[in-house]
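Quick note, the sequences are listed as chains F and W, same order. At position 118 of the first sequence (counting the first as 1) the number is 118 in this note's numbering, and the numbers step up by one without a gap. At position 53 of the second sequence (counting the first as 1) the number is 1053 in this note's numbering, and the numbers step up by one without a gap.
Any given hint could turn out to be false.
[Said to hold, decoys possible] Not the full set, but computed from the structure, chain W residues with beta-carbon under 10 Å of chain F: (1) 1086; (2) 1097; (3) 1202.
[Unchecked claim] Listed next, the stretches of chain F that the computed footprint assigns to chain W, with coverage defined by at least 3 CB atoms under 8 Å from CB atoms of chain W: (4) 9–22; (5) 25–37; (6) 130–138; (7) 184–194.
Think of the hints as simulated: they come from the structure by calculation, not from any bench. Small disclaimer: the values here were computed from a predicted structure and weren't measured. For each residue, glycine too, the CB sits at the ideal point set by N, CA and C.
This is what each chain is made of:
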Amino acid sequence: MENLISIFVDSVFVGNILLAYFLGMCSFLAVSKNLQTSLGLGIAVVFVLTITTPVNWLIYRYLLAPGALAWAGLPDVDLSFLKLILFIAIIAGIVQMVEMVIDRYSQALYNALGVFLPLITVNCAVLGVSLFMVERSYTFAETVVYGVGSGIGWLLAIVSMATIKIKLRYADVPEGLQGFGINMITTGLMAMAFMLFSGITL
Amino acid sequence: MSTALVKITRTETYRTVSDALWQNNPISKQVLGICSSLAVTVQMNTAIVMALALTAVVACSNLIISLMRKMIPRNIRIIVEVAVIATLVIIADEVLKAFMYNISKQLSVFVGLIITNCIVMGRAETFAMSNPPLKSFVDGMANGIGYGSILVGVSFFRELLGSGKILGFPVVPQALYDMGYMDMGLMLLAPGAFIVIGLFVWLEHAILNR
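Here chain W stands alone, though its shape is the one from the complex (with noise of 0.2 Å):
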């Protein structure tokens, strides 16, 4: 079993997920795509269909990048990157609406700013153009999860202390706020976002310098 878990600690794929979610996470350490990821995580089921959303465009474009790499001329580099990102932003906008409604109307325009999320071009520009398809594939894989996680972090507290829920479900007990306990009205508003997000950088700080 141990040795099992050693091989699997030392291949290259493990590397790539360990390293994009914690010493290279694109949020925390490469201040990378929070514009379309805050806004997103009042609620834990938003944050997670965002994060879904988000890993699947990251991964299918690393791939389909890195398979035209060597088509691609130099200088329009570019604008063929946009343009596969956004045909494959729109596929996933298009998916959401039809089969999750509801959700897609939360997430309103965010899901097309997945466009402009520095994490998707980010990753395409400096990986998928000079690496085979299968590593940026998991390479995007690995991003999108590193992404996913600061995301449902976020959303988890906020949604926890903001509204008594999690993933919809009340789990704070009537007997506490019988007692006088109420919900942060502040973690449903914008600064809480913000504030949830610096605290949860200061402790994944303390965690790996320690």
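Just chain F, same shape as in the assembly (with noise of 0.2 Å):
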């Protein structure tokens, strides 16, 4: 218990899948310029996810991992390789199959969310923490701790990203630090506020 406590604050705080691993950043940084649509993609993000990271646990565990195929009679078989487009695939997927779920059944959660679905196929922090569950080992109960925390944490850095983004507005910044340069530089700084969690121990 306490060790999914500890991966859980890891993977919001300190080991940010954005702010220390540097993924997601293609949709961070176009998204952000408005807090609303922010918060709906980051929502949709978390719910993502939750689904696509134990699925592709399972996967992994029951048909990729070395020896995993001894259910079928062949357990000198190593399929790893193939975890690559095999996640790729199934992120896709999902995706579509959530949206066409939500589609059928809550017409507003679809207004909300609809158009940042397709979007999160090719957000490399999906593919990343799957792949990253595969690089620790982690066990069921882990991975789904981890899959959640880690959208969590995008959501929380995609959302103040915003919030500073509006306050930028306001602010007098060299001229050809503008645009890219100084939402690199603030993204930067806020990295290094959220790596001061790493003080804490569980």
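Reassemble the complex: the two chains are provided individually, in unrelated frames, and hints are given to aid placement.
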């Protein structure tokens, strides 16, 4: 249990998927202009990560990992090199399915998240979390917590960036630094603030 | 000599390359593909390997997709593109594991993340789908080099200031350390990468606008 809490805190703050591993930067920079949309995209990412990471864990554990096909009588087969192509296919498939299910059952939620869902397939954070979960050989429970935590960490980062950008509109930024330059430096300062949580040990 | 130079600068290939390096650099101008680029810039050798892997993947995926562009049905093109790119990335990953095991361990998941790198998808979608193979190949090459130039530039400063080394060789003389000089630990952490790339873009803007 303590282990799970510490994975959660680590994935939200210290090991923030965006600020410590630079994943999901493209949509982070493109969408954080508006608070409302960044909140929508953030929630959609949490949603997708919560579903795809455990599913990818199951696929990896029972189909791809070395010796995983023992149940089918093939204990010597190692298909782990296929994980890249299978993970991205599964993410794309799940995103599509989630979109259809939401469209069918909750029109309000679809209107709020609908536009962002296709964008998430190419969000590096989603694939990144699945690959990290394999690399760190998490158990199933740890994977679920890690997926949710990373999503929340990403949501936190993009929402804080959107609010900082509102303040930045009134700031007098040197000409060459405007736009991309100042965004990167602001993100750097934010990453520094998040790193302060590394003192927490559970 | 100078006429030869003029001839080179007038060719289309040269223009594609210089465009991708300067006016339309994928990272600093189009804000694409930063996802996987920053995490590997702590040391120069990982950055160089990453840049080479990405260049190979973009160039080959552009070539293959351009060869198939007349056969791909319009509405499933994204899936086809992803499948081609993912296959190439798996090949790149296996090659790195076979010939540069230590570096591939350091790059860990970031080679795999080339699949979701926006540059690769972006070039396949905007350029390779509507241009002949050779031209697409050169375009992919140029964009890979443009991406690599930023990567290697950022990693140069991070490694120099962060650990006093270049490509693993110590370059800051011991005398400086004796006088009280210290390596800047911040450069090795994530915030260092963000700040260096911000300043880098500032420098580039300042040079281009003059």
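Quick rundown of the hints versus the structure:
1. 1086: With a closest approach of 4 Å, the residue 1086 of chain W hint holds.
2. 1097: Given a least distance of 9 Å, the restraint on residue 1097 of chain W holds.
3. 1202: holds (5 Å)
4. 9–22: Check passed, 4 qualifying residues.
5. 25–37: Held - the segment 25–37 of chain F has 4 residues with a Cβ nearer than 8 Å to chain W, which meets the minimum of three.
6. 130–138: holds (count 3)
7. 184–194: holds (count 7)
Hint compliance for this structure: no hint is broken.
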